[in-house]
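Given the coordinates of chain U, work out where chain H should sit on it, guided by the hints.
Those protein sequence lines, which keep their order, are chains U and H.
Letter 105 of the first sequence, counting from 1, is numbered 176 in the numbering used here, and no numbers are missing.
Letter 5 of the second sequence, counting from 1, is numbered 456 in the numbering used here, and no numbers are missing.
No wet-lab data here; the hints were simulated from the structure.
Every residue, glycine too, gets a C-beta built ideally from N, C-alpha and C.
Partial list, derived from the structure: chain U residues whose beta carbon lies under 8 Å from chain H:
#: 1; residue: Arg121
#: 2; residue: Asn174
#: 3; residue: Lys175
#: 4; residue: Phe178
FRET-style restraints, in silico, Cβ to Cβ:
#: 5; chain 1: H; residue 1: Glu534; chain 2: U; residue 2: Thr180; range: 20 to 30 Å
#: 6; chain 1: U; residue 1: Ser142; chain 2: H; residue 2: Gln531; range: 47 to 57 Å
#: 7; chain 1: U; residue 1: Ser142; chain 2: H; residue 2: Asp458; range: 43 to 53 Å
#: 8; chain 1: H; residue 1: Ser538; chain 2: U; residue 2: Gln187; range: 28 to 38 Å
#: 9; chain 1: U; residue 1: Glu86; chain 2: H; residue 2: Glu529; range: 43 to 53 Å
#: 10; chain 1: U; residue 1: Val84; chain 2: H; residue 2: Lys508; range: 36 to 46 Å
#: 11; chain 1: U; residue 1: Val156; chain 2: H; residue 2: Ser517; range: 35 to 45 Å
#: 12; chain 1: U; residue 1: Asn129; chain 2: H; residue 2: Asn469; range: 42 to 52 Å
#: 13; chain 1: U; residue 1: Gln187; chain 2: H; residue 2: Glu529; range: 37 to 47 Å
#: 14; chain 1: H; residue 1: Glu534; chain 2: U; residue 2: Ser142; range: 37 to 47 Å
#: 15; chain 1: H; residue 1: Ser517; chain 2: U; residue 2: Val155; range: 39 to 49 Å
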Amino acid sequence: AQKVTQAQTEISVVEKEDVTLDCVYETRDTTYYLFWYKQPPSGELVFLIRRNSFDEQNEISGRYSWNFQKSTSSFNFTITASQVVDSAVYFCALSEAMGGATNKLIFGTGTLLAVQP
Amino acid sequence: DTGVSQDPRHKITKRGQNVTFRCDPISEHNRLYWYRQTLGQGPEFLTYFQNEAQLEKSRLLSDRFSAERPKGSFSTLEIQRTEQGDSAMYLCASSLLIGDWNAGELFFGEGSRLTVL
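Just chain U, same shape as in the assembly (with noise of 0.2 Å):
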């Protein structure tokens, strides 16, 4: 069964701070999509990053960025110099591919960080 994990219920830390978000992840495929999402205040799922099981690569995009391990099922991400703005439920969710490709994402229980100025 797919299964997605994310440890850490909530997260505060003091801006500037840096703060890496677990996420651990099972699954039987052999290939299949991770993705992150963002959930501010307002509700409206925003798409971070989506990783094939097939690109290893770390991947930075500005103050983000995202380790892909799968020795270990892991794809954590890493907020860089964190802000306000930066406060949100975070999301890591997995797709599998297997029979044609799907959206169908199985999602985390999410983390709560909240940055404090």
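Using the frame of chain U, we list chain H on its own:
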């Protein structure tokens, strides 16, 4: 704004009433998804369409729920005889199927929040 739009944003209804939500996806997207999110949880997949065809339904989608996408553009999600357990945020998302193994990036709307009294 060319994102995914949902209507209404909020709906309060009494138990036993029927409600209908509408979703307008990003115009060129051929896949449309419905998810449900309850408080403190990640979104859960309900169903999805490719053009006008409904390709998959989750076990979460009881027979009181029906979704349509009649012309392959907008979609409606109807809940009949609502129950208090139906209270949740109903999220619509869309993507462009690029190939057999690439479902494209998934973009969410702001959601329709349902409260059943």
